[in-house]
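K.L.:
The chain contents come next:
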Amino acid sequence: MTDLTSLGVKDIRDGVRGGSFTAREVAEAFNTAVAEAAALNAFIVTTPDHALAAADKVDAARAAGEELGRMAGVPIGMKDLFATHGVQTTAASHILEGFEPRYESTVSQKLWDAGAGMLGKLNLDQFAMGSSNETSYFGNVTSPWKKAGSNAAMSPGGSSGGSSAAVAARIAPAATGTDTGGSIRQPAAFTGICGIKPTYGRCSRWGIVAFASSLDQAGPMARSVEDCAIMLGAMAGFDPKDATSLQMDVPDWEAALNSDLRGKKVGIPREYRMAGTDQAILDSWEQGKAWLKDAGAEIVDVSLPHTKYALPAYYIVAPAEASSNLARYDGVRYGMRDLPDGVGLQDMYAATRAAGFGDEVKRRILIGTYVLSAGFYDAYYTQAQKVRALVARDFERAFEQCDVILAPTTPTASFPLGSMNEDPLTMYLNDVFAVPASLAGLPAMSVPATVNADGLPLGLQLVGRPFDEQGVLDAGLAIQERAGFTAMPDKWW
Amino acid sequence: MSNYRIQGATGEWEVVIGLEVHAQVTSNSKLFSGAATAFGAEPNSQVSLVDAAMPGMLPVPNRECIRQAVRTGMAIEAQINAWSRFDRKNYFYADLPQGYQISQLYHPLVGEGSLLIEADEKAGIPEDKVIGIERIHVEQDAGKLMHDQHPTMSYVDLNRSGVALMEIVSKPDMRSPAEAGAYVRKLRSILRYVGSCDGNMEEGSMRADVNVSVRRPGEPFGTRTETKNVNSVRFVMQAIEHEAMRQVDVLEAGGTVVQETRLFDPGTGTTRTMRSKEDAHDYRYFPDPDLLPLVLEEDFLAECRASLPELPDAKRKRYVEVLGLTPYNARELTAEVETFARFETLLAETANTIGKVEPEVATQVANWSLSVAPGVVKALGDEGDPANATAAAQAAILAMQDKGEISGGQAKEIFEIVLKTGRDPAEIAEAEGLKQVSDTGAIEAAIDAVIAANPDKVEDYRGGKDKLFGFFVGQVMKAMAGKANPGVVNQLLKDKLG
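If you read the protein sequences in the order shown, they are chains S and F.
Position 493, counted from 1, in the first sequence is what UniProt numbering calls 493; the numbers after and before it change by one each time, with no gaps.
Position 438, counted from 1, in the second sequence is what UniProt numbering calls 438; the numbers after and before it change by one each time, with no gaps.
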């Protein structure tokens with residue numbers, strides 16, 4: 001029998017449907033793999049029983065001749081930003097340590113309804129704030145990848161670093177991620193897997209711990225474009241409980257996948273050719289163009305003139321929203337409370353939040369509070385919103401000339417943990433290519449292209465028109481077919 | 001123009017008043033969650049995950065709350081903004097689970113409108129006055145802290161957390177406590193007509209923040225203070241009076257009024273400092289990213305408009321112009337929803353019973369509704385059951401009176417028995433002998449007897465002493481034991497005395 005943990009979503013689903021193996025066998029195989037991979041620190045809690053119970057349900061349904069869901073028999077990792085009923089949900093923070101919701105997020109519920117099971121809650125940057133998975137209260141996640149000739153622990157990217165590490169290490173066939181300014185795409189690129197952030201509003205935000213509400217989007221992370229298409233189909237859909245949810249039908253992306261790009265135009269944004277980008281990344285971008293041309297697409301130059309303002313605008317808008325979204329963690333109703341003897345309410349707030357939030361979270365709350373303050377609001381927040389509108393307009397204009405945009409996902413490959421902690425701005429620059437699509441709410445995906453000289457994966461990013469996940473997936477598939485990315489981390493854990 | 005002035009030691013001062021009224025929207029569920037809104041429920045029994053601001057919870061606007069606010073805006077003939085937006089007002093407090101209140105600062109649902117307060121000489125309002133309304137926006141209420149449950153801790157009740165409020169902001173157009181009182185009463189009346197707020201100030205469904213400043217007549221506005229959460233018309237007036245006097249004292253002593261937030265103490269009728277401008281929160285308002293802009297479709301607006309009832313001003317005008325009521329009666333009858341509802345039901349019933357059109361009986365019904373019936377009810381106190389005062393019973397009494405079968409006094413007596421027993425008015429009149437005699441034969445006989453017994457007075461009357469007519473009426477009524485129809489008596493007496 002093949003090693004079940006080498007299989008992805010599609011193969012597991014088809015295998016379970018076809019009777020090649022049972023869902024329980026799959027769940028057991030992954031549960032074991034998860035248990036053996038503690039060194040990665042990818043999971044905050046593991047939930048083997050959840051995975052087994054879901055698997056048994058699928059096996060019983062199959063035995064009864066019932067129709068199986070699109071994720072039937074697939075055990076997945078759940079980023080610990082999604083509220084899961086009765087299972088600790090922390091956003092990798094101390095302030096929510098021990099918090100067990102009495103509700104289930106819409107996206108996770110849809111996945112369970114589709115027949116998936118949960119291997120555990122995946123580590124992440126605290127409150128999804130970070131690009132290296134070094135801000136979790138529960139410790140860093142270590143990438144399964146190593147730099148050639150070095151034993152240094154590498155970053156799996158962030159904030160969905162537990163997700164990327166788990167999928168790359170094949171201890172989960174797929175995982176949920178969330179992307180606010182690159183948190184699905186950057187870790188996917190760092191670990192040689194696929195990840196798609198759909199159009200803002202495709203996936204309900206209900207039950208996802210909020211970071212920046214106008215940007216947060218859930219999406220799948222898996223090892224192939226097909227797997228992403230399948231899983232996104234199970235996650236997406238209108239939710240009346242989220243006022244920003246898109247009231248649109250969910251297309252059958254999997255069924256419509258088509259890597260024949262004849263008649264399509266692929267835009268290459270000239271402003272993304274910026275200083276500080278690795279030559280290997282620029283080379284892979286050139287290679288990507290060639291692949292898409294080979295798939296029949298026409299390559300056109302496009303301009304996104306406000307690109308350089310996107311990152312600064314993002315670091316105003318996202319912290320502003322976060323400073324307000326995180327106000328609810330105050331020690332009054334749930335989560336941790338630090339109540340020194342004899343103090344009043346204000347002191348309780350201060351003590352609780354001082355102890356409950358990590359440094360990066362505090363930094364962003366401070367930035368956000370500052371930019372919304374009287375006297376600074378117009379100079380920062382209002383200005384950033386104008387930039388955001390201009391960035392969105394850039395894309396609109398570019399999409400008059402092309403159907404999908406090809407760009408690098410990140411300016412560099414993964415880096416060793418601890419190597420970027422000197423200056424937060426260097427870390428923020430990691431998301432420079434990812435953030436514009438977030439500000440514009442567009443579907444965007446990272447697919448693995450190649451490995452660099454150090455043997456580390458590099459990703460290519462595809463950005464589509466609003467609601468055109470299909471166009472993004474199709475172009476991603478064309479790259480996947482030509483890249484033949486088969487590199488795998490050596491198992492050291 | 002109000003002539004209300006404060007006589008200071010150094011001369012006259014004018015008071016400038018603006019009110020921000022918070023009115024709880026009548027709806028079964030909260031502004032952004034499905035939780036219920038009933039008053040007086042067990043603490044924390046009406047709290048959804050959204051109201052408690054659990055992680056990942058999101059607000060979804062309640063269409064009914066928006067509808068009620070729009071209808072209210074239409075009732076004050078205000079600009080309705082088809083595009084509005086919710087903003088977050090950020091501050092920390094234990095009764096505010098989200099750490100922010102969802103409100104509307106930059107783009108309110110309702111723009112400028114106005115409200116008419118009517119002349120009321122007795123109250124010190126010499127003529128009708130239009131008070132400008134700046135805006136109405138919708139926002140969430142906070143929860144409630146309870147400090148009396150535990151010796152060292154405070155408890156939080158989140159039942160009110162997230163309940164929809166309309167904040168109705170007036171322009172600084174009022175110039176006396178009386179005008180402010182009339183404004184609140186009129187606003188309350190409109191809200192209750194529209195059905196968008198029950199106006200129950202005791203239960204906190206309506207409360208006012210009172211902005212007061214003073215100035216020399218004709219000079220620019222002075223510095224204002226804001227007195228928070230005043231919860232009755234009387235307290236609003238007291239707070240203004242006290243605050244204006246206090247400001248005059250400060251200014252006349254050479255001081256300056258500090259812009260600050262103050263609290264009203266209902267026990268003493270005074271205000272005191274709550275926080276000064278220096279400690280004012282920086283609320284860091286910004287558009288709520290969980291909510292899309294609120295866009296109102298034409299259909300929705302049309303439905304809101306079509307669902308509006310006849311409003312107080314229009315009703316009052318109709319009562320005077322169509323029903324022929326006095327302006328006083330019209331105002332009294334239209335002030336409260338219950339009053340006009342009872343009046344209109346009785347009017348229709350009475351007109352129907354008598355077989356006349358409404359304007360012909362309106363004055364009779366109005367007098368009955370405003371003074372006769374309430375007088376009887378009041379005098380009877382607990383002995384009467386108001387449930388017995390059906391429109392049918394009262395209409396029957398009014399019809400008998402209209403036909404001359406009973407006198408005004410008999411009507412009251414019959415109504416009294418109706419209230420006590422619920423018996424049928426016609427049956428009461430018959431059984432209790434509460435009918436007046438309109439039979440001309442009996443009355444003529446009585447008149448003849450009176451004339452025969454008083455020949456000298458007859459002579460005087462015929463000689464020009466007109467005042468004696470009353471004497472004859474009295475004698476005839478006495479002879480008839482008070483049961484003669486006075487109209488018939490008058491007519492026959494005139495004929496016979498010549």
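Please keep in mind that the hints were generated in silico from the structure rather than gathered at the bench.
A portion of the hints provided could be inaccurate.
[As the list claims (entries may be wrong)] Calculated cross-link-like contacts (lysine-lysine; reagent style DSBU-like; alpha-carbon spacing at most 35 Å):
{"#": "1", "chain 1": "S", "residue 1": "Lys10", "chain 2": "S", "residue 2": "Lys362"}
{"#": "2", "chain 1": "S", "residue 1": "Lys386", "chain 2": "F", "residue 2": "Lys89"}
{"#": "3", "chain 1": "S", "residue 1": "Lys293", "chain 2": "S", "residue 2": "Lys265"}
{"#": "4", "chain 1": "S", "residue 1": "Lys308", "chain 2": "F", "residue 2": "Lys483"}
{"#": "5", "chain 1": "F", "residue 1": "Lys478", "chain 2": "F", "residue 2": "Lys378"}
{"#": "6", "chain 1": "S", "residue 1": "Lys308", "chain 2": "S", "residue 2": "Lys289"}
{"#": "7", "chain 1": "F", "residue 1": "Lys144", "chain 2": "S", "residue 2": "Lys362"}
{"#": "8", "chain 1": "S", "residue 1": "Lys362", "chain 2": "F", "residue 2": "Lys89"}
{"#": "9", "chain 1": "F", "residue 1": "Lys465", "chain 2": "F", "residue 2": "Lys494"}
{"#": "10", "chain 1": "F", "residue 1": "Lys457", "chain 2": "S", "residue 2": "Lys362"}
{"#": "11", "chain 1": "S", "residue 1": "Lys241", "chain 2": "F", "residue 2": "Lys144"}
{"#": "12", "chain 1": "F", "residue 1": "Lys467", "chain 2": "F", "residue 2": "Lys483"}
{"#": "13", "chain 1": "F", "residue 1": "Lys412", "chain 2": "F", "residue 2": "Lys186"}
{"#": "14", "chain 1": "S", "residue 1": "Lys241", "chain 2": "F", "residue 2": "Lys457"}
{"#": "15", "chain 1": "F", "residue 1": "Lys317", "chain 2": "F", "residue 2": "Lys378"}
{"#": "16", "chain 1": "F", "residue 1": "Lys403", "chain 2": "F", "residue 2": "Lys496"}
{"#": "17", "chain 1": "F", "residue 1": "Lys467", "chain 2": "S", "residue 2": "Lys386"}
K.L.:
Confirm or reject each hint.
P.N.:
Comparing the hints with the structure gives:
| no. | hint | result |
| --- | --- | --- |
| 1 | Lys10(S) - Lys362(S) | violated, 41 Å |
| 2 | Lys386(S) - Lys89(F) | holds, 21 Å |
| 3 | Lys293(S) - Lys265(S) | holds, 9 Å |
| 4 | Lys308(S) - Lys483(F) | violated, 100 Å |
| 5 | Lys478(F) - Lys378(F) | holds, 29 Å |
| 6 | Lys308(S) - Lys289(S) | holds, 23 Å |
| 7 | Lys144(F) - Lys362(S) | holds, 29 Å |
| 8 | Lys362(S) - Lys89(F) | holds, 20 Å |
| 9 | Lys465(F) - Lys494(F) | holds, 14 Å |
| 10 | Lys457(F) - Lys362(S) | violated, 106 Å |
| 11 | Lys241(S) - Lys144(F) | holds, 26 Å |
| 12 | Lys467(F) - Lys483(F) | holds, 23 Å |
| 13 | Lys412(F) - Lys186(F) | holds, 32 Å |
| 14 | Lys241(S) - Lys457(F) | violated, 92 Å |
| 15 | Lys317(F) - Lys378(F) | holds, 29 Å |
| 16 | Lys403(F) - Lys496(F) | holds, 24 Å |
| 17 | Lys467(F) - Lys386(S) | violated, 90 Å |
Of the hints listed earlier, those the structure fails to meet are numbers 1, 4, 10, 14 and 17, in rising order.
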